[in-house]
Amino acid sequence: MTITASATRVELLSPAGWSPVCDWDLLVPGRGVAVLLPDGRQAAVFRDGSDRIYAVDNRDPFTGAYVLSRGLIGSTADGRVYVASPLLKQRFDLLTGECLDDEDVRIAVHTARSA
Amino acid sequence: MTTTKPTLLLVGYGMVGHRFLEALADTGAAARYRVVVLAEEPRPAYDRVGLTSYFSGRSADDLLLAEEGFTDRHGFEVHLSSPAVSLDPAARTVTTAAGHTLSYDTLVLATGSYPFVPPVDGRDAEGCFVYRTIEDLQAIEAYSAGARVGAVVGGGLLGLEAAGALKGLGLETHVVEFAPRLMPVQVDDAGGAALRRTIESMGVVVHTGIGTKAITVAEGRAVGMSFTDDSELATDLVVFSAGVRPRDQLAREAGLTVGERGGIAIDEHCRTSDPHVFAIGECALAVDGRVYGLVAPGYEMAVSVAQQLAEQAAQPFTGADLSTKLKLLGVDVASFGDAFGSTPGSLDVVYSDSRSGVYKKLVVTGEGELLGGILVGDASAYATLRPLAGTGRPLPVPAESLVLPAGADTAVSLGSSALPDEAVVCSCNNVTKGTIRAAVTDHQCTTVPEVKKCTRAGTNCGSCVKLLGTIVADELEAGGVEVDRGLCPCFAHTRAELYEIVLVKRIPTHRQLLAEHGRAPEGSEGCEVCKPTVASIIASLAPELEASGHILDGEQSGLQDTNDHFLANLQKNGSYSVVPRIPGGEITPDKLIVIGEVAKEFGLYTKITGGQRIDLFGASVDQLPMIWSRLVAAGFESGHAYGKSLRTVKSCVGSTWCRYGVQDSVAMAIQLELRYRGLRSPHKLKSAVSGCARECAEARGKDFGVIATTNGWNLYVGGNGGATPRHADLLAQDLDDEQLVRLIDRFLMFYIRTADRLERTSTWLERIEGGLDHVREVVVEDSLGIAEELEALMARHIGDYQDEWAATLADPERMRRFVSFVNAPGVPDPSIRFVPERDQVKPDLVLLATEEQLLAALDPDNAPFPADRILEEAR
Ligand code: SRM
Ligand SMILES: Cc1cc2nc3c(=O)[nH]c(=O)nc-3n(C[C@H](O)[C@H](O)[C@H](O)COP(=O)(O)OP(=O)(O)OC[C@H]3O[C@@H](n4cnc5c(N)ncnc54)[C@H](O)[C@@H]3O)c2cc1C
Ligand code: SF4
Ligand code: FES
Numbered sequence: 001m002t003i004t005a006s007a008t009r010v011e012l013l014s015p016a017g018w019s020p021v022c023d024w025d026l027l028v029p030g031r032g033v034a035v036l037l038p039d040g041r042q043a044a045v046f047r048d049g050s051d052r053i054y055a056v057d058n059r060d061p062f063t064g065a066y067v068l069s070r071g072l073i074g075s076t077a078d079g080r081v082y083v084a085s086p087l088l089k090q091r092f093d094l095l096t097g098e099c100l101d102d103e104d105v106r107i108a109v110h111t112a113r114s115a
Numbered sequence: 001m002t003t004t005k006p007t008l009l010l011v012g013y014g015m016v017g018h019r020f021l022e023a024l025a026d027t028g029a030a031a032r033y034r035v036v037v038l039a040e041e042p043r044p045a046y047d048r049v050g051l052t053s054y055f056s057g058r059s060a061d062d063l064l065l066a067e068e069g070f071t072d073r074h075g076f077e078v079h080l081s082s083p084a085v086s087l088d089p090a091a092r093t094v095t096t097a098a099g100h101t102l103s104y105d106t107l108v109l110a111t112g113s114y115p116f117v118p119p120v121d122g123r124d125a126e127g128c129f130v131y132r133t134i135e136d137l138q139a140i141e142a143y144s145a146g147a148r149v150g151a152v153v154g155g156g157l158l159g160l161e162a163a164g165a166l167k168g169l170g171l172e173t174h175v176v177e178f179a180p181r182l183m184p185v186q187v188d189d190a191g192g193a194a195l196r197r198t199i200e201s202m203g204v205v206v207h208t209g210i211g212t213k214a215i216t217v218a219e220g221r222a223v224g225m226s227f228t229d230d231s232e233l234a235t236d237l238v239v240f241s242a243g244v245r246p247r248d249q250l251a252r253e254a255g256l257t258v259g260e261r262g263g264i265a266i267d268e269h270c271r272t273s274d275p276h277v278f279a280i281g282e283c284a285l286a287v288d289g290r291v292y293g294l295v296a297p298g299y300e301m302a303v304s305v306a307q308q309l310a311e312q313a314a315q316p317f318t319g320a321d322l323s324t325k326l327k328l329l330g331v332d333v334a335s336f337g338d339a340f341g342s343t344p345g346s347l348d349v350v351y352s353d354s355r356s357g358v359y360k361k362l363v364v365t366g367e368g369e370l371l372g373g374i375l376v377g378d379a380s381a382y383a384t385l386r387p388l389a390g391t392g393r394p395l396p397v398p399a400e401s402l403v404l405p406a407g408a409d410t411a412v413s414l415g416s417s418a419l420p421d422e423a424v425v426c427s428c429n430n431v432t433k434g435t436i437r438a439a440v441t442d443h444q445c446t447t448v449p450e451v452k453k454c455t456r457a458g459t460n461c462g463s464c465v466k467l468l469g470t471i472v473a474d475e476l477e478a479g480g481v482e483v484d485r486g487l488c489p490c491f492a493h494t495r496a497e498l499y500e501i502v503l504v505k506r507i508p509t510h511r512q513l514l515a516e517h518g519r520a521p522e523g524s525e526g527c528e529v530c531k532p533t534v535a536s537i538i539a540s541l542a543p544e545l546e547a548s549g550h551i552l553d554g555e556q557s558g559l560q561d562t563n564d565h566f567l568a569n570l571q572k573n574g575s576y577s578v579v580p581r582i583p584g585g586e587i588t589p590d591k592l593i594v595i596g597e598v599a600k601e602f603g604l605y606t607k608i609t610g611g612q613r614i615d616l617f618g619a620s621v622d623q624l625p626m627i628w629s630r631l632v633a634a635g636f637e638s639g640h641a642y643g644k645s646l647r648t649v650k651s652c653v654g655s656t657w658c659r660y661g662v663q664d665s666v667a668m669a670i671q672l673e674l675r676y677r678g679l680r681s682p683h684k685l686k687s688a689v690s691g692c693a694r695e696c697a698e699a700r701g702k703d704f705g706v707i708a709t710t711n712g713w714n715l716y717v718g719g720n721g722g723a724t725p726r727h728a729d730l731l732a733q734d735l736d737d738e739q740l741v742r743l744i745d746r747f748l749m750f751y752i753r754t755a756d757r758l759e760r761t762s763t764w765l766e767r768i769e770g771g772l773d774h775v776r777e778v779v780v781e782d783s784l785g786i787a788e789e790l791e792a793l794m795a796r797h798i799g800d801y802q803d804e805w806a807a808t809l810a811d812p813e814r815m816r817r818f819v820s821f822v823n824a825p826g827v828p829d830p831s832i833r834f835v836p837e838r839d840q841v842k843p844d845l846v847l848l849a850t851e852e853q854l855l856a857a858l859d860p861d862n863a864p865f866p867a868d869r870i871l872e873e874a875r
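Sequences listed follow chains Z and P, in order.
1 is the number of the first residue of the first sequence in full-length UniProt numbering; add one for each residue after it.
1 is the number of the first residue of the second sequence in full-length UniProt numbering; add one for each residue after it.
Here chain P stands alone, though its shape is the one from the complex (with noise of 0.2 Å):
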């Protein structure tokens, strides 16, 4: 095929050089060019940050980066098992080994780095190897069948990985690292102290301080080594990881300068001395003096170059970001931003427990900003931790709270919402918050695949993956429209990110949460929506909060709907119904009797409710604390049937009189509603206990549910009647009493913590990332470690259980809400009356049809008089 297109030539079909192919089909570059690529590997890029997980199952072809028909998509000659092996910058022309010369009018070599070997004897033996390619990986996985010990030479971030891959081949493992510690160039002495103590104990024998002399070798085969303190190791295997070096050879013999310890040289356009070549990813040597040994370096050059052949403008390169996170051996790692705290006037804040192999550092300024940190044994703070670093924002809340472990008091993690829109998510690939927004919003991505897609973040080392799914689910739930995600007008927060905020400040009041993390103007009210839903994380915070537990004390008096504010739930006609807690459903006749007889004397409608109790409806509001005085006298508790708080837990009758019957559910259901009782929640808590597989108490339809069996207990979460039913799902089985009560503290715990307003544990767990199988993690094996948490704060609440009626009643100043009338006490409120039906009452709604009605209706003996003389009265 004759062209007049310029040739536009490749050398190295790595991960950098195939990004490069990306960008240059994304920018419009390609068509500008003949592409011609020459690859020394017998296959096309294939993502080597994710090398070791061929031992996990992933194969050669799976590790492929591009898809099917890439490159005669978009027409890239591409030569594999074609290295390039002599390069005439004058002539213009490469020569590959078998002999072909092609002529170029641009070259860009990303040719990447080659192992480095320290020149020890016996080195080139049988049994040698480095880690590097995926025939390197092929060759050790051959060799390991005969063998039982294996040393990897070098305790960096690749050794390591090495020996996870050894240990997982099954072999004794050992690491020889030259350097004092682990992983030097990331971490500190306490983080590699704290990454050995970890390694160590999963069997991985870890030698530091001591350089390799000679490699023992016996008829062509390793044997053993020698160290330099004169100690020896019998060992089948060897992998050398010493660091790599930049195969920066044709250049050099080409005479384009190349740095004094390796690397192409090029400036901040990625240009070589030669002006029609270029390099990029690890071959180069970039203007900060730097060989970067990580892929996003690499993809930034990519990207630019492409970026200057399609003439567009092009974002220099002058260096990057060193940040790494790793799972070596199961172990966490990670080290980002100034990890070392080489900022000038930089303080650390440290965490670390040697018992556990946790060690947390981050490195802050004086003022608060997050310059960097080393995580180690527990990084989970390293996706949303990175981007904020060095971005000279004050973190959101104390650094100190940030490395203590989940279960302490006062940690907190931070959600995506901390990070601003230009924060960088993806590393590997530099995609930002807003770009992965964008991906939802502006290109109707719907699934973390597609945005992956759409914007390659994830595609790499996978680190960023799960903060990458929190932001796309959020952004998704927000329906692809301009998302909001805040509670109401006045809160650009989540009920969830209130909930910790309140926890973490310990903020007791609504006034304040608005001034201090509220967006709506200053001196503003607050909203309907808002104020209930703080004053219930308050209250159910109360006792850390040291903040009154009663809903209507203080400010939590102002913040209340209607319900909680008179402890009853209003009726259509402005009048209040009573329920008062029937536990399990179990009630004695006496208790019946005072019930019929509080019913007759106040005239109440009398019914039994769904939820196994009785609910007496028609009193007005001055008469709750008359109607209460009779019921709390006989030893009834309030219901909370007004609250977003627990319900009922209903029963079935159980092995006491059932024939069927295997546990005692009503004893059960007893317990549970008397240990949750009064616990506020972002929305109402239901439950039911039945004492056999046959579920006469429908406690598959509740929150939470049990149901017995003949060892014990199961429990089911997120089961909901109401509009959308749900049957709940199994989350753990045959369960002690103990145990059964220890899981539904944390459940209701976590569902308090991280559910949203008015969502019930079916739709929060449908919603929650991860689902069942998330909670199960957190309840049942404590996967965030926050279990002792949970069970404190509830412990906390239930020693802090009072009966919000008898308190009420108790206390004058509370009773001064309950008048119809400020002005007139003890007048009733005209506005209420009755009509007769079925032998009991029902509201009279035809007084309320117009105002002239009631006007008309009024009885003479009520007749009002003037307000100051009532007001007078009331002296």
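Excised from the complex, chain Z in its bound form (with noise of 0.2 Å):
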């Protein structure tokens, strides 16, 4: 695979500072990849159609599989971005990690970045 220089890449911030994850063009406007994190973790980046970048936690709460990656991300009437798991379709708000099918759940956000 080659890569062109002018790649932009895609960063995620940890206490350490900035960390990059992948290049900007491996993201599919609505869909997401997964990234592992240098402490094991795995988190799910997505790009909406917009072009903005969001990053939460891969695990899916409610069957424990790392999967949110694969879910579709989708938006609210009222124009929140969410991600659907793939499994049983729960959807969880990319911006706030807020479970929208159960108030009780909220999955962790990262702050991500495109530089």
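None of these hints come from the bench; they were simulated from the model.
Beta carbons are placed, not taken as given, at the ideal position from N, Cα and C, and that holds for glycine.
One or more hints might be untrue.
To be verified - Per the computed footprint, the stretches of chain Z lying under chain P, defined by three or more beta-carbons under 8 Å from a beta-carbon of chain P, are:
#, stretch
1, 46-55
2, 63-75
3, 79-89
4, 93-105
Put the complex together from the two separate chains, hints included.
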């Protein structure tokens, strides 16, 4: 695989500062990818139709499986962008981590940027 | 009985008179008056519009409009066979033929019209009839017993209806029309020509452009006719149907104002020149200078007068639409709105096929708003088009696509959803779509008859009943609550409607469809419901849209559920299963060995499925390409276990081995599975072929099931296992191979086109209007004329088929997704681990219980390292 020099990177903020996780052009609009973080945790990184970037925990709290990166993203009528788990379809707000289908559940969110 | 209530006298108890009485009851005006009715005919009002159905078995009683006890319940005093013969407006009295004089405070004239009989010699002879009352029809029926030839004078709407009746009575039938074309009032020359061809092909002889000079009479009976061109015709029976004239005699003789060419002049409140006298229906001359020969305008007048009498705000009557739809001799004819294009700047969109006798013309404005139209031969679009005419809204699709025959490439039909709520669905009774919906939602009507009763829609000519049915069904389906038939929050359309939109407007992306036809705010992402649904529609129409047929290409790749995205089925621990296609369940030992080797090498749990194939569980995303390159090399293809698409065609062993088998069920199952593999549909599709009636393949539990007979194949459709099992219904019998395949092609494409999201054929079959019969008509008898189109769509799908897995392996772009972590290709997902069970593996779920559990279990060999280094490695 060749990567052009101009390719933008996607970075996540951790206590150690910004760390690059992947090249921008690996992201398909409306979909996510999984990234492995230095401490062994997993994050799901998404790009929406307007090219905004989001990152949340990859673990689906309802099943324990590390699959949220494989869910489809959507937006609610009031514009909240979410990912729907590919397993049992619960939806999670990508900015706040709140589960839209169960207010007691919330997943961790990461700060992401393209640089 | 003495009463202090003022007297309301109604003269004429025909259709409009009856509607007036109903409106009196509805508005409460009935209670304010003593209501007296003078009727000339020997029976209460009946359905004159449906008069001809008397010949097809509806009795005089069936035709009555009022339900039992209607007049008694409201205290209306009805005098049958009591025509009024004179009116004295100064004294406010009316005198009947029997010599009774009745006083009134308010008089309503609803005397209708009489058939015009041209003043030709011999017109009073025996064997000459008109066509207006039940008595007229009874007389024609009786006389026709001794007749061989019948002729109708007048090729208009009623004349053709009369001709149909004569034909039905077994007479050699002629129609004589003075104008150069049939139905001169409703249709233009080209429409008249199409109508003529079709009617002639049914054996009715049409003579246009000639006038009737005289009826030839012998011994008091009609025996023939002579014409203005000096030709002659021998006939035993003549029906005059040369137009109607308003019955204004009472009013005229009483000195009320009448029109030059007849009709009791009324103002926009239906008042005559005498303030105590109203006139409504066909006897009235409206303010726009017209006498309306249709029932709908009369009904409007009736309601308006009743409202005034109840002192309610009344809708003035200033004019009405002359739309009509008829089935004459089995030919559909409709005209509506500005049918002749008299609006300045209007344009005609015309389709004409002289062979099939179909002629369609839509009149539109430059901006594409519908003004009116003429439909001959195929008026199926009338019910939805008429209410759209004159609404000032542009048509939702180009007018051209609406006049094309259903089989043509870009033909579309508008569903009831195209209609705004204010559209008048039933023009006879002026009932809007909104009123019909309210009958279901607010008045709890649950059946079409209830809605008819509640709203009156569909109770006259019946041309709106089909549309009415769809609206009611749609409304009911939504459960009576505020209705949203939309696919999801992003689209107000159903899947079937989106299918039509995508097809007609050739929209190749979800993004464009959402922007142009969605209801979500701008910049919406769509959602997890509409994305895969639209992706599936685009995939099944890919060749038509010139879009890529591969579901991992372009935008499609972002729309698929995870199963389609990875061409495998997601399992509970995040691993995937692999199901190679094993057509018909037949597999060679060599292929079995390959499956065994692959399973062993990748440590996959192996199981025979309920669909006669083999499932390999526990693959991680990065293993999928390696597994599949092995399988593809051995000749396997994707089994589409992940897709809403054809799954398996199961087979029994059939005639090759089984002592009972009568056909080769395995060969047929393989043929069908290969034919329909990869076909994207609203839900999964399953099939089976059994070699005899013992049905070992359980074909009747399938979406389409085939059972062998000694003569060929029986085709069953709409079967289902699962949560709501249903046995499939027989669609067609004793088909040869070719017929079988053709019917399945059509059936599947029709289903794909019209079903809702995640609606199996079983629920679809039970939901759609007309059910199995309708599907049989469309699929077997081609009642919509779309069979060819459906077959062509299927042919293109088949021609376009490629194995998704082979194509994916061949394309590095598509392969990029098959990594567990984008920043660490090659690093396996540590959360996917297995524990042993019965000599195979199963997911290790303990590992997934908490995140800490996973972190603690991380293999030191797999120790994570800084992400930037991982990224470096990836390069
Ligand atoms: C593997 C298999 C069970 C097995 O081990 O035998 C299976 C497995 C699944 N079935 Fe099934 N069904 C399997 C045969 C059946 C059958 C039997 C048949 O096809 O003869 C039925 C009943 C027949 C029918 O469909 O009418 C069946 C009725 C269902 C249903 C209920 C469908 C319904 O209309 O009610 C679902 C749920 C759905 O699709 O919404 C379902 C869904 C599923 C899903 C896709 C559930 C899911 O989303 O995870 C399972 C995943 C398959 C996988 O991961 O590979 N499966 N499933 C069978 C695969 C057959 C194949 O070779 O492709
Ligand atoms: C075969 C046929 C098919 C038709 N098809 C259609 C169609 O598809 N669509 C459509 O819109 N229209 C159709 N029409 C026309 C429709 O029937 C009339 O528009 C409608 O009946 C008019 O209603 P009305 O009450 O004004 O007149 P009528 O229904 O004619 O009622 C008038 C009544 O008044 C009575 N009457 C007259 N004078 C007196 C008197 N002095 N005293 C007491 N009673 C009197 C008459 O006997 C009659 O019963 C059709 C008509 C016919 C005959
Ligand atoms: S369905 Fe008939 S032919 Fe097929 S295996 Fe059963 S008994 Fe034999
Ligand atoms: S349009 Fe005639 S009954 Fe509705």
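Okay, the hints, checked on the actual structure:
1. 46-55: It holds: at least three residues are needed, and the stretch 46-55 of chain Z offers 3 whose Cβ sits within less than 8 Å of chain P.
2. 63-75: That given contact holds, which follows from 11 residues of the stretch 63-75 of chain Z lying within Cβ reach (below 8 Å) of chain P.
3. 79-89: holds (count 6)
4. 93-105: violated (count 0)
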